[in-house]
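Trainee: Here is how the chains run, residue by residue.
2 protein chains.
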Amino acid sequence: MVKYQSPLRIFNPRAVQITNLPAYPTKKGPPLFLLMMRINLKVALLCMCTAVFLITLSLWTKCGGIGGSSTTYASSSSSSSSSSSSAAIVSRLSGSIFPQQDNQEIHEIECHINGEYTIGCRKEGDEVYVPFSFLHRYFEIYGKITNNDGYERFEWAHSHSKVYRPKGKYDPRGVFMFFENYNVEPRDRVKCVSGTEGVPVSTQWEVQGYYYPTQIAQFGLSHYSKNLTDPEPSRKVIEDSDHKYAKWTVPIGATINRTDKHSWTHYLEFTTPESLSSAVTLKLDHVLDFVLSMHVNLKGNGSISVMLQNREKKEIFNLHYITSDVMISIQGENIYHGIGLTSGWRKITRDLVVDLQKGLALLDKPKRKLSRSKLKVIGISLHGMGAIDNLTLSSSEHMAQFYDAARWFVKHQDPTTGGWANPVRRRVALGFGDLEPGWYSAMGQGHAISVLSRAYYHSGDKQYLRAAIEGLRPFRIPSWQGGVLATFLGKYAWYEEYPTKPASFVLNGFIYSLLGLYDLKSIAPVGQAKEANLLFEQGWSSLKGMLLLYDTGSGTTYDLRHFTLGIAPNLARWDYHATHVNQLLFLATIDNDPLIKNTAERWLDYMSGKRASHN
Amino acid sequence: MVKYQSPLRIFNPRAVQITNLPAYPTKKGPPLFLLMMRINLKVALLCMCTAVFLITLSLWTKCGGIGGSSTTYASSSSSSSSSSSSAAIVSRLSGSIFPQQDNQEIHEIECHINGEYTIGCRKEGDEVYVPFSFLHRYFEIYGKITNNDGYERFEWAHSHSKVYRPKGKYDPRGVFMFFENYNVEPRDRVKCVSGTEGVPVSTQWEVQGYYYPTQIAQFGLSHYSKNLTDPEPSRKVIEDSDHKYAKWTVPIGATINRTDKHSWTHYLEFTTPESLSSAVTLKLDHVLDFVLSMHVNLKGNGSISVMLQNREKKEIFNLHYITSDVMISIQGENIYHGIGLTSGWRKITRDLVVDLQKGLALLDKPKRKLSRSKLKVIGISLHGMGAIDNLTLSSSEHMAQFYDAARWFVKHQDPTTGGWANPVRRRVALGFGDLEPGWYSAMGQGHAISVLSRAYYHSGDKQYLRAAIEGLRPFRIPSWQGGVLATFLGKYAWYEEYPTKPASFVLNGFIYSLLGLYDLKSIAPVGQAKEANLLFEQGWSSLKGMLLLYDTGSGTTYDLRHFTLGIAPNLARWDYHATHVNQLLFLATIDNDPLIKNTAERWLDYMSGKRASHN
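Each protein sequence line maps, in turn, to chains H and S.
76 is the number of the first residue of the first sequence in this note's numbering; add one for each residue after it.
76 is the number of the first residue of the second sequence in this note's numbering; add one for each residue after it.
Chain H with its partners taken away, still in its complex shape:
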């Protein structure tokens, strides 16, 4: 129970006390006005002055002087002693004036903070009240006033971040941890989803954009996970040239043709003159399903465009998918995504809203908000020369997007090292040597292995398994030789998210790398799981040995740079702390060592202000 909760107070004792000196009893005698008429001027004036004084005094007292301390409000019972008439009027008038406690007066008091500076506080009785805006800065806690059904209260939050409790034992074939809650591509630091690769392009450490394996893997894993947790998507096939023919408008000089070149399917061939106005067009009026997927084979400068309309503002945007290497550009209401210069059939999957947002983001700061619910697809047009098939609008195409990521990892793995290179220079912190472009990340490797293991599990395609196993190689190579392996005082092997010199020992990235190893060792056929298993066991032992080094007694550190650089600890912000907790909660489902579980629970407690005890 809380010490500060003070008892219900139903009337204002001081108000009663004060108004016990009434000018005119209202019940026991004639009305004030009539009485006044009978007495002489001086008395009348004196009485009126007294009334003015008393009312003023009463209001003033309520207003400024005395604070109550009760936390609940009760309507004061209408006391009928004449003594409180003026107070009663005030009370009825004021309604919300808080009942004041006897002899409790609120006044300002200076709070002198650690002998350094002064803030304004309030004093009431023995209690001193400290302004929250100061506490917010001093302790970095959060608070806001909420109003539910007219009942205002202040919500104090030690942290905001979300912790996901696992629903069962972690399954390498299933949802990747809590990644069904991740939405990678809308993030600000994603420039766009590449038209050629179908995977996000990061601007986190280089503004022109680059392929960041960790992010691509998270994109893949989130779609894989959402596929398992989202409801079945709605899908509308617009044109497949087999069963579904769309009503294309073909202008003069243009042609379409549903061929049967492939034995197993038909597709739609088109040719149009150069001018855009002579495109083959299809009018649509489609809401909610904004993931476009199709097979496409463009020749020359063929292109496919989708017209979106903002239903409120009636703005129209054109998304053009063009034969080009341009990643993304915008001109007026036209947004261009290059889907590459090479010809041949391929499947593309585009989240139209993401493509629109990323295009507009090139113009706008601050970012324009575009709600899916306010958009509709009003047309598709084909231009130049090319062919399409299986043109579909869906609410989601998670597995297609997952496989875009999985294929990216197969395609972009270094055949010599097994690594997926981070093509940007990265300075983790002053004191660490820069990571030169081409560095590998244990987190990127591990995440990629999680993607590839699932792709292998889901498809049975051994190219994914091979790539996953190849991806283990950097785990054996020390950071200073281009790998991701650090050791803590020669004792504990650590897989570095950032293979810095000296080592940085980032915790969350290490745990993600362990999960990659766990996924592979669990999914790979026994004969091919050995290396993953060895690496996992080695890392698992390090995790258990070193985990408590991250525990500050009130939170966690993000890494051990304080140890390796001899500087202040790099405390994990609540987001990362919550990630640590999430990770441990999942790890606790695959190993019942109480160390993991107990640490997770204690770290969770830190998020609501609990602390380790001191001696």
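Just so you know, these hints were derived from the structure itself, not from any lab.
Honestly, I wouldn't trust all of these hints.
Note: identical chains are not told apart, hence a pair may lie in one copy or across any two.
[As the list claims (entries may be wrong)] Straight line, CA to CA, 16 Å or less: simulated EDC-like cross-link-like pairs of lysine to aspartate or glutamate:
{"no.": "1", "residue 1": "685", "residue 2": "215"}
{"no.": "2", "residue 1": "422", "residue 2": "676"}
{"no.": "3", "residue 1": "486", "residue 2": "509"}
{"no.": "4", "residue 1": "566", "residue 2": "263"}
{"no.": "5", "residue 1": "451", "residue 2": "349"}
{"no.": "6", "residue 1": "619", "residue 2": "307"}
{"no.": "7", "residue 1": "219", "residue 2": "202"}
{"no.": "8", "residue 1": "537", "residue 2": "180"}
{"no.": "9", "residue 1": "219", "residue 2": "185"}
{"no.": "10", "residue 1": "322", "residue 2": "344"}
{"no.": "11", "residue 1": "537", "residue 2": "307"}
Model the placement of chain S on the given structure of chain H, informed by the hints.
Mentor: Positioned in the frame of chain H, the structure of chain S alone reads:
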């Protein structure tokens, strides 16, 4: 600068506003009352009613309706509308009522803490005020209201502990760190100062009392340090049988005799009958100097007693120093300290006030407070058979007490191991094996070496140097073999204050042990400093390597039990944290590696609420 700092306010702006509207304009026209007398009753009453209404409305608006948000107050220019005359009176009546800001209303609001429980807060404008008593519990911060010259303010303290900044480079021949501020023997966990050894007896881990080397060394080091920092003591020789003869009262049957058995000095021999009333007595009326020192040689059951009087209450206490092994006992107003059964000349040094307090502490809980300023020595008596010399009362005898400690270490060192045993079982924490009686402490060894090094430096007596060098031996013996040496992951040697299994890596004890090594390596002749130097260098490297493991970003841990036991960190309370800071500040004077200095300053900052930043 601080947002909340509100400027000093010397008057109440609203009061000014109000009081500028007198009921009786004294300058600009006839007084209100006279004016009123001239007009007719109805008009007067109408005016008064209007006034009542307007005042009420005005106050109401201020009071209840509209909230402002500024935290600073500006003196309003004195507007002179007549509506607030009575408020001025109120203001004068209420006196301490805090000036309310226009349109600022304080009312209660529930604060819901982390969704767990609710406390009562206050809301004023946009600001929410949180009760300090909650903050005290939640964040463990301190605060109290101070009142200087009638100016009340609230002192917010993140921590209370004191940090001593070194005045110069640490000198092994000088003050031991900041130990001139230590007062070991008055502590509650000191049972008494042993009559036979002249050193404190601890009850920290065993109530009957035992010799705790660490405490004895701190006793010695504090007296050594105080000797260097205290002003020259006042000393009054009472009886030396050479130049100073006291006026002893010798009853019938008793004798005294100033012999010249020693060629170089005389002393006072005494014999008395059995009964206490026939003691040889000396009346005194001595204040302020309460340290008794003398050479003494008692035969049989000879004893020496000192009579103290509480000047206020006129209570009399007798301190008896007797030929006995009894450590300390009390019967009524008689307190007994045994000074041993062996005969022969020895010097004893007794802080009479400490002896009195320790005696009374056997009776009293809570401890009776006895101020030195309220006591006086009113007599000394000699009983039985014996001899005394150089009977002196001093304000302090720091070096005598220091040498009592130094001699204790020479006398009680284990000749085989070089250790000073802790004769009690100690359970450091659940999870650690118990330390069995006889364990050594690196802190105890180091402190003893600091004492012995100084004794050697001060006296030139090689027995101290030998004991100090012997005291190094446990530093090479692993904890599990009875020594004090642990290693951190096989890499860093650590000298354990508590040689637990697994290791506990207590920081402050380790640093104290390093200082012992530093003292010896600095003071010992070059040929004999080698081992101390090697051990110091080895430990110094460990300290630098491991120091940051104790940094939580907002304080420090006391040890590394979280790492070795896999449990919650044992956070250092501010006292210990301050010790860490003090130690580093001193270490920074002997090594200019910025690691030490910067860490010390950051840790100091934690004491006023600063934190390491998060990512």
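Trainee: All hints are to be evaluated individually against the structure, with a verdict given for each.
Mentor: Hints versus structure:
Both within a single protomer and between protomers do residue 685 and residue 215 lie at most 16 Å apart by alpha-carbon distance, with minima of 15 Å and 11 Å respectively. Taking CA atoms no more than 16 Å apart as the test, residue 422 paired with residue 676 passes in neither setting, with 45 Å inside one copy and 61 Å between copies. For the identical chains of this complex, residue 486 and residue 509 are neighbours neither inside a copy (27 Å) nor across copies (59 Å), given an alpha-carbon limit of 16 Å. In the homo-oligomer, the alpha carbons of residue 566 and residue 263 never lie at most 16 Å apart, since the shortest distance is 40 Å inside one protomer and 44 Å across protomers.
Taking the shortest Cα distances, residue 451 and residue 349 never come within 16 Å of each other, neither inside one copy (28 Å) nor across copies (115 Å). Proximity of residue 619 and residue 307 under a CA criterion of 16 Å is satisfied in neither setting, with 40 Å inside one chain copy and 59 Å between copies. Taking the shortest Cα distances, residue 219 and residue 202 sit within 16 Å of each other only across copies (10 Å), while inside one copy they are farther apart (22 Å). In this homomeric assembly, residue 537 and residue 180 never come within 16 Å of each other (Cα to Cα): the closest approach is 78 Å inside a single copy and 72 Å across copies.
Within a single copy, residue 219 and residue 185 get their C-alpha atoms only as close as 24 Å, which misses the 16 Å cut-off; across copies the closest is 12 Å, which meets it. Taking CA atoms no more than 16 Å apart as the test, residue 322 paired with residue 344 passes inside one copy only; the shortest distance there is 14 Å, against 132 Å between copies. Neither within a single protomer nor between protomers do residue 537 and residue 307 lie at most 16 Å apart by alpha-carbon distance, with minima of 28 Å and 89 Å respectively.
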